[in-house]
Amino acid sequence: MTDSVTLEVIRNACIAVCEEMNANLIRTGYSPNIKERRDCSCALFDAEGEMISQAENMPVHLGAMPFSVAAAIDRFPPETLSPGDAILLNDPFYGGAHLPDLTLVTPVFHETADGDTELVAFAANRAHHADVGGARAGSVAADSTEIYQEGLRIPPVKLFEGGEPNESVFDMVLSNVRTPDERRGDLRAQEAANQTGKRRFLELVEKYGLETLTEALDEIQEYSEARMRAEIDELADGTYEFSDVLDDDGLGNEDLRIQAAVTVDGDSVTVDFEGTADQTEGPVNAVLAVTASATYYSVRCVTDPDIPPNHGCYRPIEVKAPEGSIVNPEPPAAVVGGNLETSQRVTDVVLGAFAQQAPERVTAAGQGTMNNITFGGTDPRTDTPYAFYETQGGGFGGRVGTDGMDGVHVHMSNTMNTPVEVLETAYPLRVRRYELRQDSGGPGEFRGGLGIRRDIQVRDHEAHFSLLADRHTHQPYGLEGGEPGESGAAELETADGETRRLPQKSTHELPPGSTVRIRTPGAGGYGDPADRDPEAVRRDVRHGKVSRAAARAAYGVDVAAGAAAGVEAAAGEPYEPTDDAEGDDD
Amino acid sequence: MHVNEDARIGVDIGGTFTDLVTIADGAVRVHKTPSTPSDSERGVMDGLEGVAARYGIDPEDIGFFGHGTTVATNAVLEGEWADTALVTTAGFRDVLEIGRQARPDIYDFDAEKPTPVVERDRRYEVVERLDERGEVVEPLDEASVEALASELADVDSVAVSLLYSFENDAHEQRVKELLRAQGVDASFSLSSRVLPEIREYERTLTTGLNAALKPVMDSYIGRLETRVAEEGVGTDVKIMQSNGGIITADAARDRPVNTLLSGPAAGVQGATYVAGLAGIEDCITMDMGGTSCDVSLVEGGDPLVTTDVEVGDYPVSVPMIDIHTVGAGGGSIAWTDAGDALRVGPRSAGAEPGPVCYGRGGERPTITDAHAMLGRIDPSRFLDGPSPDDAVRQAVRDHVADELDMGVAEAAQGILDVANANMARALRVVSVERGYDPRDFGLVAFGGAGPLHACKLARELEVPRVVIPRTAGVLSALGLLISDVLYDYSTSKVRPWTDVEPRTLAESFTTFRERGSDRLDTEGGTADSLQFERSVDLRYAGQSFELTVPVPGGEVDEDTLETVVERFHDRHRQRYGHAYEDEPVELVTVRLRARGVVDTPDLHPEPVEGTVDDAVRETRDVVYDGRTHETRIYDRRLLPTGTGFDGPAIVEGTESTVVVHPDQAASVDEYGTLLVEVNA
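First to last, the sequence lines map onto chains A and B. Numbering follows full-length UniProt numbering, with no gaps: position 161 of the first sequence is 161. Numbering follows full-length UniProt numbering, with no gaps: position 657 of the second sequence is 657.
Quick caveat, the hints were computed from the structure, so don't treat them as lab data. Don't take every hint at face value.
Listing some non-contacts, in silico: residues in chain A with all C-beta distances to chain B over 12 Å [as the list claims (entries may be wrong)]: (1) N12; (2) F93; (3) T117; (4) Q149; (5) E167; (6) S413; (7) G556.
Derived SDA-like pairs: lysine to any residue, alpha-carbon spacing no greater than 25 Å straight-line [stated by the list, open to error]: (8) B:K456 to B:Y671; (9) A:K207 to B:N679; (10) B:K456 to A:R199; (11) B:K456 to A:T515.
To give an idea of the interface, some chain B residues facing chain A are shown, with a C-beta separation under 10 Å as derived from the structure [to be verified]: (12) Q101; (13) D108; (14) D110; (15) A111; (16) E119; (17) R129; (18) L163; (19) V184; (20) D185; (21) I198; (22) E200; (23) A338; (24) G339; (25) V429; (26) E433.
All values derive from a computational prediction rather than experimental measurement. Note that CB positions come from ideal geometry on N, CA and C, so glycine has one too.
The task is simple: from the sequences and hints, build the whole structure.
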């Protein structure tokens, strides 16, 4: 038994190792996905492949990385590994999540007194690469039907052997991607980050001795497990069911149901997705690692967020997902959107089930999508090809005591946006409007957060555009009497003024001068709107977040004309009578 | 800068004490007086009177008055600022509220985004649009501006932030003119002046904060100037800004957002200076006070400067000394969490009631109490009443030892180990994570608690040498006296480096240089003490992180551009481990720093004569890492210049206590600085 001081010191030291790996990866990474959006994570695992600590940027990576290490160990058992090896993988059906996420797992060997080497840990990191080949630049194709169209599929392979790069593997990977130099740079950065992790971990072995350290790492996991179990124990026993749908898969298959039965039994939780829709043709199938990750995230959110994240947190949680369903598909299902969209709905469903036993611990549904958009074409200013990918925030769910945040990434995503000035400087696009959507937050005692409106115009050239979003049909749910958030929408306005609606998962060729208007969903409200403090309603009207009409209809609060002055009156363009302005329609 | 023979005084208002350092006739003198938070100028007046009474330096003798202020910082932390409006480009009024879309905490549903600096109904749009080169896409609709005048009649301050104002400020200037003409008499902050740099959220936020703080700073400085003048001080008040440079009071009134780290920046300046006197140009500074520990890195005698700092959850993008803060201070409280792990901080006992050993009613054990229990500090030295040893022991037992089923001494050591683990992480953040190896640096420790921890932390990070300044507790005030006058000018001009013409770059530098010269001239500068440091921020096209690269002196020509891009590749290789010489490079921002060099005073104290033995106050048992050693307790004031002694040792100064561990060796240099060899 390690004393609690040493435990706390070692725990801090392990976090510091992961943070240093992370800083190293972000500093040396080449692509903007790593450097600016921070779509990457680093972690340490013990010799059994159980997670010790993690530097967290992306929630969706959190619970999925252990699957990568497990796959690496499965393919390369310890006796086949040597110092200086590093295993690369991205196969969603063998340790990965979706193809753009490349994970590198480095075994850490300790030299024993008699000169032997002993496997003591793994350093691992995952980074979202800007392109891994496949049918579409950026490898986030909204119209893929098989994984083969989504890019290069890499099972666990040794990218480094005995400290030397495996040039055959490098050649193989780099021959199949659109920007090989950038990929090589990012892979080198991933390797450098793991080397840092390895070096720092071995310093800990040196300092504390292997036996003490190993024992402490076990106890750190037991500590998290014990705290997790204590929190779960506070929840009432029982089985709680909830279901919601993905609107469609982009190929006409609609209302794809995700069903969860959450069973709390003493200090453990089982989440069973029996009843969930069969895997589908379009790219919204979420592999088990993604489903498990979304489930772990949800359970972590309803317990104490202060509990240190490591394998111990997951031990009380069992995930059952029927094979061949959209939450555990079989190859060759298309999966790129499973990580981006389906993961969000899994979170909505698991949190919805928890809401029935502990509504005070959850939020109403957030926007429930990442609103992925990709523009591509040739920049007329420089005559060079470009590809621009970004995701959009929306409403965060209302919760006990507080309104939901407006215009943020929710649940499984937490990347940063691209500044308008950076976007327009780098790409031949113009942002016409970027604002919060009035009346998009679900009414409630605690209002749901507002969605975003972002209008992007294509300048002087023809562009390829693809949209991968959800929640355009079914609205994010409210809780405890709160009402749903407004759904999302997308429209295309051509240069001659014609407007048409764009399906939420679709690809288009856009003529010069056309504008895509993206509206992201608002979030569900929490509690009966009639119980909302009228002062808060008046403040929302004053801020233009709720229209006077909606204040009257949803909250029964009359706000005098003039109280909402300023904003609309002063707005430059005539205020467009879109769904945003009409308030509580349909 | 003209340096006269008059006394110079640095005044730093901290949470607990207001520190005053004077330099007159070659002598450095220190005075402390309690801070008076409800009326902070009163503490300054008390201090001036104290200095006069104690050292005979009258207000009339003072020829330089430097001040570090927390007035802007406190206003931000408390969200108490002026009624402010924002005018922005049509379609973009929510940029300020949406921010960068990331939420503050991944798992905590209760985490909130910071409140927008300007509320939504106070954010107004005007019709206009520029493109990325500053060309007018849509002209400014003047009627849309004039229509705002009645709305703005009652605000104190107006921020104007239009897209691409850093490329072309004509629309922002015109908005101000039109509103002024319509009778709006609020003060204005234009983004093209406050932060003419790319990235609309950061620019708008910084401009909005500046506007919100202007009336606060104006009234504070007004009160201070009046009181100081009434006291008889004949010179103008100068203010420390966050980049480590001194500016005039009027400049601070105009740009309060540049003073958010005024006090801490002064501390780093002071520490850098003292380390430099000891021959250490590369150092990590560590300022550990009652509630937190500020850490920063100094390379080649210059503190690293960043434009990526958060103040009270707001990312403020003006140049500031890169200071990383952790919630570990002498008053940080030790506690056990739901899983029986020992935690320290971030909650602090503060100045009131303070640690248990202060005997002022504190009941929760703190870091300071752990030191007291292990014999490192002697509370009776700063207490009138009986030593509260029993109370300290009881607190550690009740709140830590019993909970964790360990001995009291072991628990006290545990509190220190856990706190050190937190701080070691912070030291790694500023060094290792920025690409620096701590083994190449010295560690300068100051603040009330810094010297208690430094020698242990240095061993942990393999820092070879620790520097503990004689005036460790008042380095911020000292920093005010030795810092140069600095004005930073910048503008973003994003374009391929191959499109940059020497002439246009030279024009930017010339414009900045003229503005800088004018500014320094009006402050009584002389030409031979002015310096201009030119630099550009470059990146590989498509990347989003820039590196600042110095531009060599002389005329800007094609060769200059070539040199600069080579320096960029070199710097990229140094910081990130690789460079891409074939990749296109992009210019992002052009910068110039105007520096009025201040003659630094001679800090030689009167040499202390005698022997090391004379300085021994007593001998007592002190615990280091679980082992008890009989330890000599030295009186720092009596340690003779140029002598040395071995650890274990405790050195008691007037402001802080130094713990020198066994196997370490200490010496006193000619400036009274204590130098500790970590692995002697």
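Comparing the hints with the structure gives:
1. N12: violated, 4 Å
2. F93: Its Cβ never comes within 12 Å of chain B, the nearest being 27 Å, so this holds.
3. T117: holds, 25 Å
4. Q149: holds, 26 Å
5. E167: holds, 18 Å
6. S413: violated, 9 Å
7. G556: Check passes; 22 Å lies beyond 12 Å.
8. B:K456 to B:Y671: Holds, at roughly 24 Å.
9. A:K207 to B:N679: OK: K207 (chain A) and N679 (chain B) at ~16 Å, within 25 Å.
10. B:K456 to A:R199: holds, 22 Å
11. B:K456 to A:T515: Roughly 61 Å between the alpha carbons, so the hint for K456 (chain B) and T515 (chain A) is violated.
12. Q101: The hint holds - Q101 (chain B) has a Cβ within 10 Å of chain A, the shortest such distance being about 4 Å.
13. D108: holds, 4 Å
14. D110: Constraint on D110 (chain B) satisfied, holds at 7 Å.
15. A111: Because about 9 Å separates A111 (chain B) from the closest Cβ in chain A, which is inside the 10 Å limit, the hint holds.
16. E119: holds, 7 Å
17. R129: holds, 9 Å
18. L163: With Cβ-Cβ at 7 Å, under 10 Å, it holds.
19. V184: At about 14 Å, which exceeds the 10 Å cut-off, the nearest Cβ of chain A leaves the hint on V184 (chain B) violated.
20. D185: violated, 19 Å
21. I198: Check passed: Cβ of I198 (chain B) comes within 5 Å of chain A, closer than 10 Å.
22. E200: Given a least distance of 5 Å, the restraint on E200 (chain B) holds.
23. A338: holds, 6 Å
24. G339: At 4 Å from the nearest chain A Cβ, G339 (chain B) passes the 10 Å test, so the hint holds.
25. V429: Where the cut-off is 10 Å and the nearest Cβ of chain A is about 8 Å from V429 (chain B), the hint holds.
26. E433: Holds. Min distance 4 Å.
Consistency note: the structure conflicts with the earlier hints numbered 1, 6, 11, 19, 20.
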